[in-house]
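Put chain X on the given structure of chain G with help from the hints.
The lines below spell out each chain.
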Amino acid sequence: MSGDGHTHDHDHDRTFQPDHPEPTSDGARIGLALRELLIEGGYYTPAEEREVIEAMSGASPENGARLAARAWLDSDFRERLLGNGAETIKEMGFDLSPTEFTVLENTDEVHNVIVCTLCSCYPRALLGMSPAWYKSFNYRARIVREPRAVLREFGVEFADEIEVRVHDSTAELRYMVLPQRPPGTEGWSEERLAALITRDSLIGTQRELT
Amino acid sequence: MPDRFAVGQRVRIADRTPPVHHRVPAYAKGRVGTIERLCGLHGQPERFIRDNGAPLTRLYRVRIPQHSLWPDYSGPAQDQLDIEIFEHWLEPAE
Chain G
1 MSGDGHTHDH DHDRTFQPDH PEPTSDGARI GLALRELLIE GGYYTPAEER
51 EVIEAMSGAS PENGARLAAR AWLDSDFRER LLGNGAETIK EMGFDLSPTE
101 FTVLENTDEV HNVIVCTLCS CYPRALLGMS PAWYKSFNYR ARIVREPRAV
151 LREFGVEFAD EIEVRVHDST AELRYMVLPQ RPPGTEGWSE ERLAALITRD
201 SLIGTQRELT
Chain X
1 MPDRFAVGQR VRIADRTPPV HHRVPAYAKG RVGTIERLCG LHGQPERFIR
51 DNGAPLTRLY RVRIPQHSLW PDYSGPAQDQ LDIEIFEHWL EPAE
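So the protein lines, in turn, are chains G and X.
Note that my numbering gives residue 165 to position 165 of the first sequence, counting from 1, and the numbers run on in steps of one.
Note that my numbering gives residue 86 to position 86 of the second sequence, counting from 1, and the numbers run on in steps of one.
Excised from the complex, chain G in its bound form (with noise of 0.2 Å):
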């Protein structure tokens, strides 16, 4: 294209480097062009976009279970936090908005899984990246359809009495489930029993903590 009026040369600044490889496909470069494109046109800055991607890659399961180890410390902060996850979190220095953020309490009769059917939502600031199977076609599909059989698959063996509820993230909310706090950990500090508290006890793949 050489049409009047196209006065910018192709030798586009490289104002920032996109952290991510090369792309290969069709999909990855219509979406380094777009992303291009957005911050050529002023929608955000590469500064910015940095700063979004050090957020996330410096979160870990750590920050979710340090929030699942004050509730079990502090009666009161949990009743806040699964009564208003999104605002209670605020207080240890989180934040997921504008998403709302609910927590699940696993007890003696309900065991709670999350998934996103639809894509791979996730409470990345409070759980990390997810892991490769959270964002598979076979646990979306399946955790939904036949979940006391994926559970089984982790190793999650529970009666029939208990309740399994699986909840479907479709939209606004991030989810966190809340595991039990295991037996003989009386007198415990904060910090020891968050050691305790794995990734996937917050996604509900685990249930058991020892």
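In case anyone wonders, no lab produced these hints; they're calculated from the structure.
Cβ coordinates follow ideal geometry from the N, Cα and C atoms, glycine included.
Treat the hints with care, as some may be off.
[What the hints assert, rightly or not] Using C-beta positions, here's what the derived DEER-type ranges look like:
#1 X:Gly-53 to G:Glu-49: 16 to 24 Å
#2 X:His-67 to G:Gly-187: 42 to 50 Å
#3 G:Ile-30 to X:Gly-8: 43 to 51 Å
#4 G:Pro-182 to X:Asp-15: 27 to 35 Å
#5 X:His-67 to G:Leu-38: 42 to 50 Å
[What the hints assert, rightly or not] Calculated lysine to any residue pairs in the SDA-like style (CA-CA distance at most 20 Å, straight line):
#6 X:Lys-29 to X:Thr-17
#7 G:Lys-135 to G:Arg-124
#8 G:Lys-135 to X:Gly-40
#9 G:Lys-135 to X:Arg-23
#10 X:Lys-29 to G:Cys-119
#11 G:Lys-90 to X:Gly-40
#12 G:Lys-135 to X:Thr-17
#13 X:Lys-29 to G:Glu-146
#14 X:Lys-29 to G:Ala-141
Chain X only, in chain G's frame:
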């Protein structure tokens, strides 16, 4: 606008497939469940794709018994599935 549905009310999820991005998975369409909680006001996905999602619309969590989702479900009767559904996808059910 007042909320159309209250916690505990039985609702049916619409069985339709608009030719536009929407966030209702096929397996939930046409199913009946109970309002588990109200989840704030959010932009409609179908409108977000062309604009800003307005008007903001009430989102609900709907609880559906697994046995009514999957007639051959092999687990016990009390197993449930909770899913987020926008108000304009819900109608009262008996």
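Here is how each hint holds up against the structure:
{"no.": "1", "hint": "X:Gly-53 to G:Glu-49: 16 to 24 Å", "verdict": "holds, 23 Å"}
{"no.": "2", "hint": "X:His-67 to G:Gly-187: 42 to 50 Å", "verdict": "holds, 43 Å"}
{"no.": "3", "hint": "G:Ile-30 to X:Gly-8: 43 to 51 Å", "verdict": "holds, 46 Å"}
{"no.": "4", "hint": "G:Pro-182 to X:Asp-15: 27 to 35 Å", "verdict": "violated, 44 Å"}
{"no.": "5", "hint": "X:His-67 to G:Leu-38: 42 to 50 Å", "verdict": "holds, 46 Å"}
{"no.": "6", "hint": "X:Lys-29 to X:Thr-17", "verdict": "holds, 9 Å"}
{"no.": "7", "hint": "G:Lys-135 to G:Arg-124", "verdict": "holds, 13 Å"}
{"no.": "8", "hint": "G:Lys-135 to X:Gly-40", "verdict": "violated, 27 Å"}
{"no.": "9", "hint": "G:Lys-135 to X:Arg-23", "verdict": "holds, 17 Å"}
{"no.": "10", "hint": "X:Lys-29 to G:Cys-119", "verdict": "holds, 17 Å"}
{"no.": "11", "hint": "G:Lys-90 to X:Gly-40", "verdict": "holds, 18 Å"}
{"no.": "12", "hint": "G:Lys-135 to X:Thr-17", "verdict": "violated, 24 Å"}
{"no.": "13", "hint": "X:Lys-29 to G:Glu-146", "verdict": "holds, 18 Å"}
{"no.": "14", "hint": "X:Lys-29 to G:Ala-141", "verdict": "holds, 16 Å"}
Checked against the numbered hints given earlier, this structure breaks hints 4, 8, 12; the rest are met.
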